[in-house]
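Use these hints to put chain B onto chain A, whose structure you have.
2 protein chains.
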Amino acid sequence: MNDKNRLFRTTRSTDPEVQESPIHFLKSLSTSENLFFIRNHFPYPTLNSKISLRIYGEVYKPLVFHFEHFKQMKSKSLKVMLECAGNKRSKFEPRVYGEQWENGAISQGTWRGITLNELFKYTGIKSNVQEVVFEGYDFGERPDGKHASFIRSLPISKALHSDTIIAYEYNGSPLSFKRGGPLRLIVPQWYAMASVKWLKNIYLVEKPFSGPFQTDDYVYYPNKTNKDNAFPVTTVNVNTTIQQPLNFSKLGVGEHEIKGISWSGKGKIVEVAVSINDSEWISADLKKNSQGYTWTPWSYKWKVKHKGHYSIRAKATDSTGSTQPFRAYWNQKGYGYNAIDTIYINIE
Amino acid sequence: MNDKNRLFRTTRSTDPEVQESPIHFLKSLSTSENLFFIRNHFPYPTLNSKISLRIYGEVYKPLVFHFEHFKQMKSKSLKVMLECAGNKRSKFEPRVYGEQWENGAISQGTWRGITLNELFKYTGIKSNVQEVVFEGYDFGERPDGKHASFIRSLPISKALHSDTIIAYEYNGSPLSFKRGGPLRLIVPQWYAMASVKWLKNIYLVEKPFSGPFQTDDYVYYPNKTNKDNAFPVTTVNVNTTIQQPLNFSKLGVGEHEIKGISWSGKGKIVEVAVSINDSEWISADLKKNSQGYTWTPWSYKWKVKHKGHYSIRAKATDSTGSTQPFRAYWNQKGYGYNAIDTIYINIE
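Residue numbers (UniProt numbering), protein chains in the order written: chain A, 1 to 348; chain B, 1 to 348.
For reference, chain A alone in the conformation it holds in the complex:
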């Protein structure tokens, strides 16, 4: 049988299309285009064959760029992981509403594009700019009945970061429509709602932008019954997914490889520790990390002599000292779940 036929994304919604990556079975450090997770907020937009990107607002010279302009500018290539802010939402207790992602709202690969710095060389930037606003071609009706386009902003410092790019290639091929092509923002280290697809407009503003995807969704609301103490979703939390074995699977006595991936938007992964049945934490072997903003694969050799039920926990620590909590930080909309990952295994 052909192995290529064996991996599929998990369909979570068809309208709009939402699909999960089969993360437990991915071996490559680069997610193939057809297995990359999909999270749309609206139906797919209709694009003209000749796509344009307008830059305006607090610039000296508003401009409209066409796709061919980008291919003539200086480009850079970056390995970047994207994780949906709702990844693992289904694990929150109490449960929260929204897409019931398991572990697969995360994928990574190599993006080629141009920096915002490069673009702004043509338009200039006024000194009063606070934020850069990115509007996608996608729009539609939200669950509450309101109509909106998908629009998000970045602080000017993040927008001008030398690794924030407007991508037009993924893994060496033109960025496909379903990936957000022809032009998509890629914001390393932030949750993926920041990486706006189907870029249509970029405008620079002198005060904080507000909009449903900026100041209503993608906000942490830590209280159950009100919106006090809210703060925006930005950087990816330090996190781990045990890929193999699968949760609640049955194995025999002997040696088993526990494998997983860990990542953080704040820094490099410096340690992953594993604990069997809540005994001491033992360091796993970190695979040599690839360059860029990617997850770190790790493995741990587990020798098990006796039949019975086992818990296996894994937690990562990054170079800033951030580590995973035993219990995730609960919030109304279910963002940023990053509790220590735990699986249960029966040895038969």
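The set of hints was computed from the structure by calculation and includes no laboratory data.
We put the beta carbon where it would ideally sit given N, CA and C, even for glycine.
Misleading hints may appear alongside valid ones.
In silico DSBU-like links for lysine-lysine, alpha-carbon gap of 35 angstroms or less [stated by the list, open to error]: (1) B:K333 / A:K91; (2) A:K146 / B:K250; (3) A:K333 / B:K305; (4) B:K287 / B:K301; (5) B:K266 / B:K79; (6) A:K158 / A:K301; (7) B:K74 / B:K207; (8) A:K307 / B:K79; (9) B:K305 / A:K301; (10) B:K178 / A:K301.
With the Cβ distance kept under 7 angstroms, some of the chain B side facing chain A (calculated, not the full set) [stated by the list, open to error]: (11) E17; (12) K250; (13) Y300; (14) N346.
Showing chain B alone in chain A's frame:
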């Protein structure tokens, strides 16, 4: 965008291959071949190009049939649903080990094949026969380290039922290898472990067959710590899956169609009732049922005026009076889950 690209099976395991059908998004009463769930116990077997099926044991004339013989015999066509005995296993509380199926270990379509009755005309049957044993070409190592082939038996009465067939076509095409072709047993009304794939041998025995897939797996063990009061998994329980809306989704005020499917191995579905926030049970509209052993689609128009959290429950009753329990019958290996289906919706 091409709609054909939007539905995928969910990969639950790659070795052996196990995949779930996207049951929440299926609209057709006939599951297309590429969306039919897959539950293998072992790696795919290697088959000769010239497949044969041997019939022996308590028969008057043991025979070997080749595939072309089947095409010359009188065939029948039947619409049959297959449901894995472990469908919905992930919902058991306390959790149980094994494949963590959600709702998609169920699919259906039209099978063409010949009855066992027809086959046994050629071999005869001795009067002392109690069971008919079906062996597939698939074999391998079980989690406990023991090696086995996939072998299951049927009581002679079920084997001789006029709708128990050896199928060689699915939805009008030759039965594909991944579906168990070229020859697969189809046992309507029983959980799908009975519908042995890649048929190799059929032998008739004068006493009950025992084997790991007959008397160890596919047995209900209702006690947590021992194997007392065990009984075999056979007929499909009356059951319901709410297809739309999805659990924990967000909707607006207004009218929503609640859609689902109900089925039973014991009889026809005669009623499906829906309860909102545990108020009175109201009958849903049953769609005209298709012939054969298939699920019954139903729908219910839900008018909701107020924002807030809602529970929606659905339960089916079949023509024998069997209905779904509030809490599923817990058993060690997690078979036959059929609790009243419940989803939670937030109206925004």
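Between K333 of chain B and K91 of chain A, does the CA-CA distance stay at or below 35 angstroms? Holds: K333 of chain B and K91 of chain A sit about 23 angstroms apart, inside 35 angstroms.
With chain A as the partner, please determine if E17 of chain B meets the hint condition of a C-beta pair closer than 7 angstroms. holds (6 angstroms)
Grab the minimum C-beta distance from N346 of chain B to chain A and call the hint holds if it beats 7 angstroms, violated otherwise. holds (4 angstroms)
When you check the alpha-carbon spacing of K287 of chain B and K301 of chain B, does it fall within 35 angstroms? Satisfied, since the Cα-Cα distance of roughly 14 angstroms is no more than 35 angstroms.
Check whether the Cα positions of K158 of chain A and K301 of chain A lie no farther apart than 35 angstroms. violated (40 angstroms)
Within 35 angstroms, alpha carbon to alpha carbon, are K307 of chain A and K79 of chain B? violated (43 angstroms)
Holds or violated: K305 of chain B and K301 of chain A, Cα atoms, limit 35 angstroms. Not OK: K305 of chain B and K301 of chain A at ~56 angstroms, beyond 35 angstroms, violated.
Need the status of pair K266 of chain B, K79 of chain B: alpha-carbon distance at most 35 angstroms? holds (16 angstroms)
Is K146 of chain A within 35 angstroms of K250 of chain B, Cα to Cα? holds (13 angstroms)
Given Y300 of chain B as an interface hint, is the shortest Cβ-Cβ distance to chain A below 7 angstroms? Since chain A brings no Cβ nearer than about 20 angstroms to Y300 of chain B, farther than 7 angstroms, the hint is violated.
With the threshold set at 35 angstroms, check whether the alpha-carbon distance from K178 of chain B to K301 of chain A stays at or below it. Roughly 33 angstroms between the alpha carbons, so the hint for K178 of chain B and K301 of chain A holds.
Please work out if K74 of chain B and K207 of chain B have their alpha carbons no farther apart than 35 angstroms. OK: K74 of chain B and K207 of chain B at ~30 angstroms, within 35 angstroms.
When the structure is compared with the earlier hints, violations turn up for hints 6, 8, 9 and 13 and for no others.
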